[in-house]
Every structure is written in C-alpha cells, then in structure tokens.
Amino acid sequence: MPFRSPLGPDFTRLVIVILCIVAGVVMAVAATPNILLHLPTEMSRTTVTVHALQHAPPRLALVVTGDSVTMNGVNARVLGSELKPQREAWNLGSPGQQLAESLFVADMLPRSVRALVVGLLPADLAAHSTTLPESRYLYYRISGYRPSAEALDVARHLPAPALYDLMTEPQWEATLAGRGMIRISGDLTIRSYLRRDLDLERAHSDLYYPAPYRQRISEEALAHAVSLIYAPRRSFTPSPERLALLLRLRDLLARRGQRLVIVVMPEHPRSIALTSPDYYRQLAQYEQQLRNDHHIELLDLHDRLGELDFVDQMHPGGSGSQQITRMIGAALSTS
Amino acid sequence: MLFHTFTFLAFFTITVALLLIARRHTAQKNVLLIASAIFYMWWNPAFIFLIVFSATIDYVVARKIEQTESPHARRSLLLISLVSNFGLLAFFKYAGFLERNLLYVFRLFGYQPNWTDLHIILPVGISFYTFHTLSYTIDVYKREMPTTRSFRDFALFVMFFPPLVAGPILRAKNFLPQLDTPRRMNFDRATFFLFLRGLVKKALVADGLASFANPIFRHPTLWGSSVIWLATLCFYVQIYCDFSGYSDMAIALARMLGYELTPNFDRPYFAKSPPEFWKRWHISLSSWLRDYLYIPLGGNRNGTLMTVRNLMLTMLIGGLWHGASWNFVLWGGLHGAALVVHRGWRSVTEGWRVRETFAYRLVAMLAMQYFVLLTWIPFRVVDTRDMLYTLRKFIVFDMNFHVADTGLGALSPFATILLLGGFLLIHIASELWGGLDEHLARVPLPVAAAACVVIGALLFILWPPAARPFIYFQF
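Line by line, the protein sequences are chains A and B. Mapping of the first sequence onto our numbering: position 219 corresponds to residue 219, and the numbering continues sequentially without gaps. Mapping of the second sequence onto our numbering: position 278 corresponds to residue 613, and the numbering continues sequentially without gaps.
The hints are simulated quantities; they were obtained by calculation from the structure and are not laboratory data. Please read these numbers as outputs of a predicted model, since none were measured by experiment. Cβ coordinates follow ideal geometry from the N, Cα and C atoms, glycine included. There may be inaccurate statements among the hints.
Here's a subset of chain A near chain B, in silico, CB distances under 10 Å, partners left out [claimed, not checked]:
| no. | residue |
| --- | --- |
| 1 | Arg13 |
| 2 | Val15 |
| 3 | Thr32 |
| 4 | Pro33 |
| 5 | Ile190 |
| 6 | Arg191 |
| 7 | Glu220 |
| 8 | Pro238 |
| 9 | Ser239 |
| 10 | Pro277 |
| 11 | Ile296 |
| 12 | Leu298 |
| 13 | Leu299 |
| 14 | Leu301 |
Examples of chain A residues toward chain B, derived with CB under 10 Å [said to hold, decoys possible]:
| no. | residue |
| --- | --- |
| 15 | Phe11 |
| 16 | Tyr208 |
| 17 | Ser227 |
| 18 | Pro232 |
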C-alpha cells in the first residue's frame, strides 16, 4: 500500500518545490558578490579605488577622501602638480562616502603617501554614527580589502561597537545586506542612459578628478533641491563618537609617518543663509579645539565659495574646484 | 507576527507539527485555538481579553436569541450584541477621532478645554473580528443558521489566526460548519503557490513600491505632476498587492490547515464600473456591508432617493470602517457618489449597442481606474492641504517632467518604474490567461522546479531590508 502523507497527497512534490526555492536562494547568496563586482552600482568605484591602492605607484604622495562634494571639489592632478617636489595625488572620494571609509583607505595607504586629506561637511563633524551601511562595507570586502590588526584595533576602541562588529562579521551576513545593491544597479544603469548631464564613467574610474556633476542645473531645479534637502540649523553640537574616530585615525596615520588633514568643504550659500550664525560660531570654536587640544590639522572652507561656484545645491563646479584645490594646496605647502 | 517573517514560519511549523501529533479532530481544534490565541497575543497580550469578551457576548446572546420566540426580546438581544460590539469598536477606534473633532469645534467657539488625551491603542484586527462575530449573531437572528453548541468552536471561528488581523472577513455560516467535520491538511502545490503569490505581492512588489511612494507622500508639495502621478501609481499597486497579498497568504494558510476561506479579491483593477469594482475589491467587506447594512436599510427597493441615501450611507460607513479620519470618510463618499452616478448613467445608456463594443469597455475600464487612482489620494494623504495639492497636481497635469535631477536618486525611481511595469504586465497576463501560480501548479514538476529556483533567487535579491507591516493591520 503506497504511503499517504497526512499533509496531503501532493506533499512530496511540494517538498521538491520548496527545496528548489531554497536552492535558488543559496545560489543567489553565493553569486551576489560576483554579480556586484560586475554590475554598475553607486559603490562600484570602491572596487576601482581598492585595486588602485593595492597597486599604487611609488610616486603617490597624497590621497583625498570624501563624498561627492569632495569628488567634485578637489582636482588631485592639480594638487599633485603643486606639491614640492611634484608628486602623484589621488582623489578617492566616492558618492555618499562615510568617515569610516577613510579608515579603510588609511589602512591601505602605501608608505610613500605623506598625507591623507579627508573632505567633510560641518554636519559630518556632528553626526554620531561611526559606522557605515553593511552594503557599503561589503564592496570593500569583495574588492579584496582585509582590515589590518591596527585598523581592527581602531574600530574596537571606538565608543560604539558597530564598526568593529561590521568589520568582523562573516561575509554571508554582509552579502544578505548587500543584495539591495542589485536593485540599485538596475536604477543606475537606466540613469546612466537618461542623465547625459552626469559623467558617470568618470565618477566610476577617474582617480584624479572624478567629478560627476558638470552641468549647472536650472534655477527652478536648484530652488526645488534646496527646499528638499536643507532645513534651518540653529546650533552645532560636535559628536564625541566622530571625534574618537578622528583621533584614532590621526594616531594610526602618525604611527606610519603620515599626516591627517581635515578639510571642511564649502557649503552652498543658500544652505548657509538658512543656518543660524550661532551654528558657525560653535563650529569655529570646535575647530579651534580640534587644532589646539587635539592637534588635528584642519582647513575650514565652508563659506569660501559663491553661488556661481556651484553647479547645483551642493557640488562645486569648475571654478569652485579650482579655488578649493588651490586653497588645499596652499595649506599643505605651508604646514 | 507577520506572515513573511521567520518568526511566523517557526510558529506555523510548530502548529502543524502539533496538529499532526493531536490526530483527533477535537484535539486539533484545541491546538488551533491555542495557536490562534498565541498569534493574537504576540502583538499585545492584554487584548486577548477583549476578543474573548466579544466572543462570549455573541455566543451567549445568539443562544438566547435562538431560544427566544418573542420578536421584541429577540430584537433587544440583537441590540445588546450590536451595542457591545460597536461600543468596543467605537471606543478603541473612534474615541480619539471624536476627541479631536470636539476639540476643533470647541476652539472654533474660542474655548480651550483642558483634558487629558486618552491615547487609546487600537487593538489589531478589531474591525475584522467584530464583523466576524456580528455576522454570526445577525444570521442567527435572521434564522439563517443555527447556533453552535461549542464555545470552543465559536471562539476558534472568531480567533482563527490566518484571517484574524486583516481578513478576509469570515462569515459564520461558511466557517462554523467546517468545524463539525475532521479536516484534512492540504499541502499541495496549488496552495503553496497561492501563498507564494501573496508573499511575492507583499514583500517584493508592495514593499518595493512603498520605498518610493512613502517619501513622496510625506512631503507631496515638493513635487510636480509627473512625480505625483508616479507615486500615486505606486500606491495604487502597493495597496492592492499589500492587501490582496495578505488575503492570498491567509487563504493559503487556512487551506493548508484544511479550511476554506472566501476569496477577497478578483483583479479589481480590471473593473469597468464602480459596482464591478466593489464586487472585485475587498469582497468580504463589500458583501458584508451589502448583506448587513445596505439591504437592511432597504437597498434599492424604495425608490431612487432612498437608494441614493442607502448607497451613500453604506459607502460612508465603509470608508469610516477603514479608519477614524475624515479622509477615509471622503474616500468612501467619493465611491458612494460614483455608485450613484453610475446608476444614473446606466439607466440613460440602457440598450445602447456601443456598450457591448471592445472600445467602450476599454474606455470604461480606463475611466474607472483613473477614478480609483484619484480616490487613493485622499486615502493615502491625510493632511488636508497636502491632499488638495496632490489632487490638483494629479488632475491638472503641470507638464513638468523634471524628474531626473531633482534629488530622487536615492529612491531608485527607474527601478521603481521597472517594478511597476513588470507587475502590471504580469497582472494583465493573469487577467487574460490565468494566474502565474495556477500555471505553476499545473506544469510538469521539472518546469515548476526550475521556475522555483528563479523565484528563490528573485526573493533573495528583491527582499526588502526590513519587514513592513501590512497596511490593513491599522484598520
């Protein structure tokens, strides 16, 4: 007499179907890191920068990190030519780059590098998080970055354990979080066809001036973007978590004979107009404290550009980047 | 405990295992009742007393109604059930609404009352199980069904966990007889694919589109017509997939346990008229309102004016059932008005041959769906100023196609359009050739297995980072 399952006559076939779904999930988990390496996503630049750092030329003397404001704002080719003697400088900024990513870059810097310039906005000194999304860290891992004991030590001694936990979690766990990037890649692929105003290819692979935002947006679009992203700011409260990360980053670099230079990048005049003067007064006090008490080299450019030096609500254009690059170059040569 | 979480998977597996161990029908019903209570208490254990209270009232009242011959006494008993059920619903769901409106009226007259906000927590599923229990008492009152002797069976009917928190709304005369005979669990492919269909609709489509629509509707006044249209389309598909996805999963889970629930959706976005839409959308609620409200009010039997009144009342109450807010009343009122206008239009166009043509039906469907899209705006956008702005941008297109560089990048607009388009294509194909799940249940096993590998991979890639609760949980 044939076996009759109490769960119904079709149960065996159902088990096969469920196992196939599980197999599909497992195959997707296994394939995701490889898929991510080959699909265009916001993080694809990471694979380029990690590879570049692992094969850096001995003339490399200066590296700049930061988000898209820094990508658009610093021309590292010009910066390198202004170094004495003339050396190689790279801008390794990437869209949405977090401060913690400067730690990974610092960890990979070859000995020839003399300084790491980190571009930040004032708000970055007040943000509390010292970690980054799992999907972003996944790209460092799949690109071949493995944190050194020193970098792990930096993360371990931060006030919050999140970054250390992230750097020590198993890869499959990071893959689970990274899967969303596949969907984003679909978006980016279509965007790259539709948005001819963006130089996405340059943003992906250029190590010197990876500025994606080249075309000035209309007044209407600017007004809309300002209303969308800027809210009035009344007071600046520095973040002790960020300070701890900056100090440990400074010490890590110092042990290797390298300098850490923080550049507070320019803000759009319309954002400054929305901000209370108290905010900038408190920011200036904090910067003074960073320089005097914590011996961090810091260059504040937050109000150095005019409206015409920006191409949109936050990204410096050609004239803006020339000024920023010149000011950073001057500061590096005098200090 | 959401159906698309590992917690629920563990809960359901344990329940099935216990049902297998229990073997005897009575013991299996006990297991199901305990499982249902645990499922409900997962949200807030205290509210179990509320649902037990509601079930006890209706169990006792219905027995008394059955035993009583005097029409007056039967009516009084029915009134006790209605007052206690609607009283609880009114207190938990509408007291805050009443308070806000009273405050508004007082302020209009310059009086600033100083009372403490009640901060009432809405018990999950109260709108659904209240309608479960009332259907029983009213049917017993109408002598359409006998009472059940077993309080356990009645409690299981009220608390049966698959449809407990977001429907389909159970009818006692359909469900209670199923408890009289031993049930055979049914883990077949068709049922599983029905569950999978619901899962894909909810987790992949609804939640995927919500990640675009939610931020837009949070500040709609920042956007022009093209973005408003896209967000409205997203919500149009999101709410359908969210709610019908839950219903599909609930029906499939009940079927796995051996119980049949009534369908709740029949591709309503192909409806060509307001009455057809309500025969296809949230069928268990619209048929409940028809049978227990519209028809008792007189239906269409007492002339045009009374029919209009009954239609409007039914739809306004149907709107209010969704939530204690004027925007839901407006939503119900718009649909009521559409039903009234449609009645007039139907009588005028009676006998027109053009009504039978494909072109007419296509235009009718597009017009109906434009109206449905429009009415989702007051449903979704609560703030009056935002709602009026959104409606204006939706109706009067501002020809602003400026989408690309307006800060939408983080919301993945193009992936959203792909997801929206993909869903609509599959939906149209389902209407023409039958559901994908039905095909998968029929094809040879190797083909279904290969498709499942692809589905598994898609589930992994597109699964949202965090499980969002179902929209209808709040009702």
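Status of each hint after checking the structure:
At about 6 Å, the closest approach between the beta carbon of Arg13 (chain A) and any beta carbon in chain B falls short of 10 Å, and the interface hint on this residue holds. With a least beta-carbon distance of about 9 Å to chain B, the hint placing Val15 (chain A) at the interface is held under the 10 Å criterion. Using the Cβ-Cβ criterion of 10 Å, the hint placing Thr32 (chain A) at the interface with chain B is satisfied: the shortest such distance is roughly 8 Å. The closest approach between the C-beta of Pro33 (chain A) and any C-beta of chain B is roughly 13 Å, which is over the 10 Å cut-off, so the hint fails.
Of the supplied interface hints, the one on Ile190 (chain A) holds, with its beta-carbon coming within about 4 Å of a beta-carbon of chain B, less than 10 Å. Evaluation of the Arg191 (chain A) hint against chain B yields a held restraint, the C-beta minimum of about 6 Å falling below 10 Å. Taking 10 Å as the C-beta contact cut-off toward chain B, the hint placing Glu220 (chain A) at the interface holds, the least distance being around 7 Å. Annotation: Pro238 (chain A) was flagged as interfacial toward chain B, and the flag is violated, the nearest CB pair being 26 Å apart, outside 10 Å.
With a cut of 10 Å, the hint placing Ser239 (chain A) at the interface with chain B is violated, because the nearest CB-to-CB distance is about 23 Å. Nearest Cβ of chain B to the Cβ of Pro277 (chain A): about 27 Å, over the 10 Å cut. The hint is violated. Checking Ile296 (chain A) against chain B: minimum C-beta separation of about 31 Å lies over 10 Å; hint violated. Of the supplied interface hints, the one on Leu298 (chain A) is violated, with its beta-carbon coming no nearer than about 29 Å to a beta-carbon of chain B, more than 10 Å.
Proximity of Leu299 (chain A) to chain B is violated relative to the hint, the smallest CB-CB distance being about 28 Å (cut-off 10 Å). Contact between Leu301 (chain A) and chain B, as hinted, is not supported at the beta carbon level, the nearest pair being about 24 Å apart and thus beyond 10 Å. Nearest Cβ of chain B to the Cβ of Phe11 (chain A): about 5 Å, under the 10 Å cut. The hint holds. Below 10 Å, beta-carbon pairs count as interface contacts, and Tyr208 (chain A) has none with chain B, the closest being about 24 Å; its hint is therefore violated.
The interface hint given for Ser227 (chain A) is met, as the beta carbon of that residue sits about 6 Å from the closest beta carbon of chain B, less than 10 Å. A distance limit of 10 Å between C-beta atoms decides the matter here; for Pro232 (chain A) the minimum to chain B is near 16 Å, and the interface restraint is violated.
In this structure, the earlier hints numbered 4, 8, 9, 10, 11, 12, 13, 14, 16, 18 are contradicted, and the remaining ones agree with it.
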